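Participant: Based on the sequences and whatever the hints tell you, model everything.
Protein chains in written order, with this note's numbering: chain A, 3 to 293; chain B, 48 to 707.
Just so you know, the hints here were simulated from the structure itself, not pulled from any lab data.
Since this is a predicted model, take the numbers as computed values, not measurements.
Each hint should be verified, as a subset may be incorrect.
Stated by the list, open to error - In silico DSBU-like cross-links for lysine-lysine, where the CA-CA straight-line distance does not exceed 35 Å:
(1) B/K117 x B/K357
(2) B/K117 x B/K495
(3) B/K420 x B/K357
(4) B/K420 x A/K114
(5) B/K495 x A/K158
(6) A/K114 x A/K150
(7) B/K420 x A/K4
(8) A/K4 x A/K114
(9) B/K117 x B/K84
(10) B/K191 x B/K495
(11) A/K150 x B/K420
(12) B/K580 x B/K495
Spelled out from the first residue to the last, the chains are:
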Amino acid sequence: MKLAVCVKEVLDSRLPLQVVAQTGEVAHLGSERVALINPSDRAALEVSLILRDQNPGSRVEVFSACAAGEEDALYFAVARGADSVERLVQNGHLAGPPYTALLLANRFANEKFDLICCGDETLDNSSAMVGPLIAELLDYPQVTGVTKVRECSRGKLLAERSLDRGHRELVEMELPGVATFKIEAAEPRYVSVRRLEQARRREIAVRQLDIEPSKSRLPGWPGSEKKVPPRARVKKKFTPDANLPPAERVKMIMAGGMAPQQSSQSSAILEGDPDYLSEQLFRFLRHHEFV
Amino acid sequence: MEQITRQIEWNVTLWMQVFLYVGAFAGVLIAGWRLSKRYRVWKLGRSPNVQVSIPRSLANVLAWILNRGKMPRDGFASLMHFLILWGFIILFIGTTLVFLEQQTPLHFFYGTFYLVASAVIDLGGVAFLLGLSMAVYRRYLQKKERLKASAWVGALLALMIAIGVTGFLLEGFRISVTMPGFEKVSFVGYGLALMLRAGGLATAELTRLHRADWLLHAALSIAFFGLATVYFFRHIIVSVLSVALRPIRARGALRPYELSPQASPSGSVFDMTWKDLLDADACTACGRCTSVCPATTTGKALDPRAVVLKLSDLVGRHASRRNGATPSAFDTITERELWDCTTCGACVYECPVDIEVFDKIIDLRRQLVDIGKISTAARGCLEGLERRQNPWDYPPAQRATWSETLNLPAIAAGKKPEWVYWIGCAGAFEPSAQSISRAMVDILRQAKVDFVVLGSEERCTGDPARRMGDEGLFQRFRNKNLETFRRHGVHKIVTHCPHCFNTFKNEYRNGGEPEFEVIHHSQLLSHLISEGKIRLTRSAADKQVTFHDPCYLGRHNGEFAAPRKVVDSLPGMKRVEMTRSREKSFCCGGGGGQMWLESSGQQRVENVRLTEARQTGASLVATACPFCKVMLETASVTAGRQDQVKIKDISELVSETMER
Chain A
3 MKLAVCVKEV LDSRLPLQVV AQTGEVAHLG SERVALINPS DRAALEVSLI
53 LRDQNPGSRV EVFSACAAGE EDALYFAVAR GADSVERLVQ NGHLAGPPYT
103 ALLLANRFAN EKFDLICCGD ETLDNSSAMV GPLIAELLDY PQVTGVTKVR
153 ECSRGKLLAE RSLDRGHREL VEMELPGVAT FKIEAAEPRY VSVRRLEQAR
203 RREIAVRQLD IEPSKSRLPG WPGSEKKVPP RARVKKKFTP DANLPPAERV
253 KMIMAGGMAP QQSSQSSAIL EGDPDYLSEQ LFRFLRHHEF V
Chain B
48 MEQITRQIEW NVTLWMQVFL YVGAFAGVLI AGWRLSKRYR VWKLGRSPNV
98 QVSIPRSLAN VLAWILNRGK MPRDGFASLM HFLILWGFII LFIGTTLVFL
148 EQQTPLHFFY GTFYLVASAV IDLGGVAFLL GLSMAVYRRY LQKKERLKAS
198 AWVGALLALM IAIGVTGFLL EGFRISVTMP GFEKVSFVGY GLALMLRAGG
248 LATAELTRLH RADWLLHAAL SIAFFGLATV YFFRHIIVSV LSVALRPIRA
298 RGALRPYELS PQASPSGSVF DMTWKDLLDA DACTACGRCT SVCPATTTGK
348 ALDPRAVVLK LSDLVGRHAS RRNGATPSAF DTITERELWD CTTCGACVYE
398 CPVDIEVFDK IIDLRRQLVD IGKISTAARG CLEGLERRQN PWDYPPAQRA
448 TWSETLNLPA IAAGKKPEWV YWIGCAGAFE PSAQSISRAM VDILRQAKVD
498 FVVLGSEERC TGDPARRMGD EGLFQRFRNK NLETFRRHGV HKIVTHCPHC
548 FNTFKNEYRN GGEPEFEVIH HSQLLSHLIS EGKIRLTRSA ADKQVTFHDP
598 CYLGRHNGEF AAPRKVVDSL PGMKRVEMTR SREKSFCCGG GGGQMWLESS
648 GQQRVENVRL TEARQTGASL VATACPFCKV MLETASVTAG RQDQVKIKDI
698 SELVSETMER
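Facilitator: This is the structure:
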């Protein structure tokens, strides 16, 4: 089986980063590095590596459409055991998820892969477009938001994808196809510093592709248009109704502000041993379709 | 007057002699062949890069044979071993003397020499049998828990006892026939002879019995030689090697991990060093390591002896296989076992044959880390260390936050203060350890010690990274820190953290000379007190205090006196010792990365230690390590005992009682 994984490096949000206002560059502030592989791409990589190990004779090839100096995700993939890595560059300066997808789809049009694995969405753009766009451009079937691969053999992928409210959907897809993975699809393995440093010594292959965006049916992307940040939510401070009796007010405060509505049991204070409590909690969540 | 000697090989025919020599030769050959098979497997291991010094090795072995090693710590076992070993050596020399007398032109077995030698050999025989009886008593009557009952051990003990008994009988039969008066010196043989005579056996019968017994004795001895390298008998030879090759490095230093950049370990047992494989074969299965291990004794999966024996078993399996697949250490050793180790070093301290027990565990952890198979908690901790340079995963920018109001003297170019006070990650981030840092600053200022701090230029020393198996991450920390020290010309460091102390002292040298001096705060405090720089006059509320030895200060670095001196200087306070203290101290459960990992098993190590501290009756537990403080405090809070017992660092106690 031939597996392709598309990865991207993102800024490590857990580092104390500072953006230099004048240049827009990110200052390191004493840390070794500022970027890491996008977490859901990491899960996609992990899933494909597991599939490779389950199916002898398989290969995992990793691709990233990025500029020079942004190869952290590719180095990580090498350290993690990818069979080959490649950086894709285009002529011209087209940026944004649609062009990334176009570039990747062009690459996959030349060489057939059984399964193309992407992360569900990235930490930075969070467009969740690249995977589905690749599938559309190649006319491949796709499954998004995969949380678990049940089986992948004999030209079929059987996977669980996440729906709202914790529901799961079991889907079967014909291969070749595109799958995008959620972070929880696989518990990523640790990559030791020794392996990472070894990987950094490796030269990364670069492939230049000539793409013509006008010839493809691409949706628009805001690009340099002005972005409207979402309005900050108004924080509501909870104050119990002064007309209620003190006991009710204490109950409300204890319930974290979830006021007991008349006639419906939307909040309750439970006491008892952990077994009882967890059962009650589960029933509550089930009842309200949280799980 | 009759000559004082005996006819060698009396009553022994030529074919009996042929049987003995051919048999003994075959026995030695079989033993050697078995050992060589294991030797060939050892050789498949990596090179351990040990410095072998022959005089040192000889001294190690000599001290060990003279029973000056670690044996005397268990009096009974020590005496037992002493008797068996020296009984065996004497009997072996006796037999060699007989052989020399008969087979070489040397003739010395006469007169006084004969009398003395006979008496000594009888004494050796008695010692041998006495020692073996003690062994039987220990294993089968006392049923010591840590000793595993096994059919093999029983059979081998029986064989040795039989050799001793038939030997004495042989002497008895011979003397009962010849009955020379001077043989009274062979007191056992003579006594037996008298009894045999009294039993009314005729000379002809005694002669026949002698011959039969001679053959039996010879056959048993041949069997002994043949079996000298199987099962735990192997230790007779292999333990000598493990003792001779005892590592020269400092006790607290973990050995470097020297995988070549190309190596890709997949848990092959041959990714261990040949010394590890040899060590495994040297194990006598005595179980001392297991009996002191904080993991085993609190019901966790790890049993250090089992790890060593499993390795030995893998060596054995490979030795008996023609050309099978390379065995993996992880076939039999589980990940859970490896992650239970606190690296307290009690196993290494206890092992009578100098097996590097926990070093093997850490090496196997390193293999797990390298193939990425580690728990989520361990992964989180290591990734946090890599990103934020502290194991608690706090933002590095917050490193100096604890001291914002203290106006600490920061290191700066051109300033050359005497001391750098190294805070460490615990002292900077962990709230209950920050009080140690504050107390230390207070004391240093009171004593007018010229010091600076590195502030946000500090980063982890790499101790947790190394002990959790990421050697590359440790090396990165070491290089970065050494670079900082060189840039600022740091030459003297004091730290309150024994883990930082141990790492700086033993692991930052990289084989060369130390680039700076490092001392633990207990040593500085004890010095300041004896110099009179600080005077402890204010009486504390507690009357009784017990001191908990941190593993990385005590057992790993041998510092027991300094913190005790500090505790003893506290006015109006009496020090009481716990059952297990000093070298035998029991871990707090926080070392080897356990501080950030999840504890398994029936009990938590820290709870066991707190209970032990409370049994002394002291209302205050003093310690000299931020990890120990945090662990024991956690234990006291979870047990709901925070009102009854206080956990404090010695610096906090000094700061509280110091005259201002």
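Participant: Confirm or reject each hint.
Facilitator: Status of each hint after checking the structure:
Restraint check: the Cα-Cα separation between B/K117 and B/K357 comes to about 24 Å, which is no more than 35 Å; the hinted pair holds. A hinted pair counts as satisfied when its Cα atoms are at most 35 Å apart, and B/K117 with B/K495 does not qualify at roughly 44 Å. As the CA atoms of B/K420 and B/K357 are separated by approximately 20 Å, the hinted pair is consistent with the 35 Å bound. At roughly 32 Å between alpha-carbon atoms, B/K420 and A/K114 fall within 35 Å of each other, so this suggested pair holds.
Proposed proximity of B/K495 and A/K158 is contradicted: the alpha carbons are some 75 Å apart, above 35 Å. Between the alpha carbons of A/K114 and A/K150 the distance comes to roughly 24 Å, so the proposed pair stays at or under 35 Å and holds. Proximity of B/K420 to A/K4 is assessed by CA-CA distance (about 25 Å); at most 35 Å being required, the pair is judged to hold. A C-alpha spacing of about 8 Å is found between A/K4 and A/K114, which places the hinted pair at or below 35 Å, so the restraint holds.
For a cut-off of 35 Å, the pair hint linking B/K117 to B/K84 stands: about 30 Å separates their Cα positions. For the given pair, B/K191 sits about 56 Å from B/K495 by alpha-carbon distance, which is inconsistent with the 35 Å threshold. Only pairs whose Cα atoms come within 35 Å are accepted, and A/K150 paired with B/K420 is accepted, the gap being roughly 20 Å. For the suggested pair B/K580 and B/K495, the alpha carbons sit about 8 Å apart, so the restraint of at most 35 Å is met.
Of the hints listed earlier, those the structure fails to meet are numbers 2, 5, 10, in rising order.
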